[in-house]
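Participant: In terms of our numbering, the sequence shown opens at residue 1 and continues consecutively.
These are computed hints drawn from the structure, not numbers from a lab.
Source: prediction; values computed, not measured.
There's no promise every hint is true.
Cross-link-like lysine-lysine pairs, in silico, DSS-like; alpha carbons within 27 Å at most [to be verified]: (1) K88 with K7; (2) K15 with K65; (3) K104 with K15; (4) K65 with K26; (5) K65 with K49; (6) K88 with K74; (7) K65 with K25; (8) K192 with K157; (9) K80 with K25; (10) K91 with K49; (11) K91 with K15; (12) K166 with K192; (13) K7 with K49; (14) K25 with K7; (15) K91 with K116; (16) K116 with K104; (17) K88 with K104; (18) K116 with K157; (19) K104 with K7; (20) K98 with K65; (21) K147 with K157; (22) K80 with K26; (23) K71 with K26; (24) K79 with K49; (25) K15 with K116; (26) K49 with K71; (27) K65 with K80; (28) K26 with K15; (29) K7 with K65; (30) K116 with K7.
Okay, the calculated beta carbon distance ranges per label pair [unchecked claim]: (31) D29 with N119: 47 to 57 Å; (32) S62 with Q13: 19 to 29 Å; (33) N101 with K74: 32 to 42 Å; (34) K166 with E211: 28 to 38 Å.
Glycine residues also receive a C-beta, built at the ideal position from the N, C-alpha and C atoms.
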Amino acid sequence: MTDVVGKYTRVGQTKGPLTIGGASKKMNDDSTFTYVPDYHVAGTLSEIKEWLGENHPDQMASVLKRAYNLKNLKTGSVKKSFDTEVSKWDKIRLERIKTRNEEKNVNLLILVELLKRYNDQRKDGMALDTKSHSTRDYVSETIRLDKVLDVTTVSGKLKGTRLVLKQNSVKKRLSTVDSDPLYHVVYNPRNKEAHLGVRCFLNTYDGFTDEQLDLVSTAVLDGNEVSIETPDIGFQSHKSPLTKRFTSPLRRDNDNSVDDLLDEL
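Turn these sequences into a full structure, and let the hints guide you.
Facilitator: This is how it looks when you write it as C-alpha cells:
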C-alpha cells in the first residue's frame, strides 16, 4: 500500500503523475478537480466521469461519492478520509526525504573514508622515499612482488622503478647470485648515465665505502660486468665480451625490450 498511498494518475486531456500533497491547491485552482482514491486517478469532474464511464460505469455513482473535491470535502466522512491520506502521504514523503539525506550522509562518509585511505596510501608511498623506510626494505618488498628494481635513472630520494624483467631484456643485475637481494636490482648498461643511478642507489643501500662505490660506478661506466654481494661489502669486477659497453646502433637486437630502448633516450 505504501507504493500507492498518495500517488495519482492524471486522466483526461492532460496526463501525468500527481500526489495527494498537491490536492488542496489543485482543487482551489479548479473547484471541479477531483481525486478518486478507489482507483488513484485525478482530473476535472468531467474527465473523471468520462474515465469512469469507460472503465467502471456500474460503480460511477458510489465512487464519485467517495471522491475528493471541494464539494465532497464538506461531508465529514470524505474529509476524514482525505485528511488521513494526506497525513499518510506526509509521513511517507518525510521518510523519503530522511532516507535520501541519510544516503547522502553515507555517501559523504564513504567519500571521506576513501579520501582518508588515499591520503594514507599517499603518505605510505612517500615514506618509501625517505630514510625511515630503508632502501634494503624497498628491495625486499620488490622481491616479494616478484619484480626487479631498475636503478638506471635513480637520483635524489628515489629508489628506482619496479618492473617485471623481460626475458630478452638487456638490463644487467647487480649480483649474479640469485639468492642475493641485489640479484633483483638491475640497470641498463646502454644508458650513458646508468653508473650514476647505480652509485646513487648503492649509496642509500648502505654498507659500501666511497672507494667501493667509485669502483662499482667505474665498472658500470666502462661496460664491465658487476657482481655485488649483500650484506658483504666486497665485490668482484671482471671484463666480459658479453657485457662490453654498447657502441653502435647496428648491433642492437631487434628482440630487445622497448623499455630498454626507451632508457637510452
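Participant: Output the numbers, in ascending order, of every earlier hint that fails for this structure.
Facilitator: Hints 3, 10, 15, 20, 25, 30 are the ones this structure does not satisfy, whereas the remaining hints hold.
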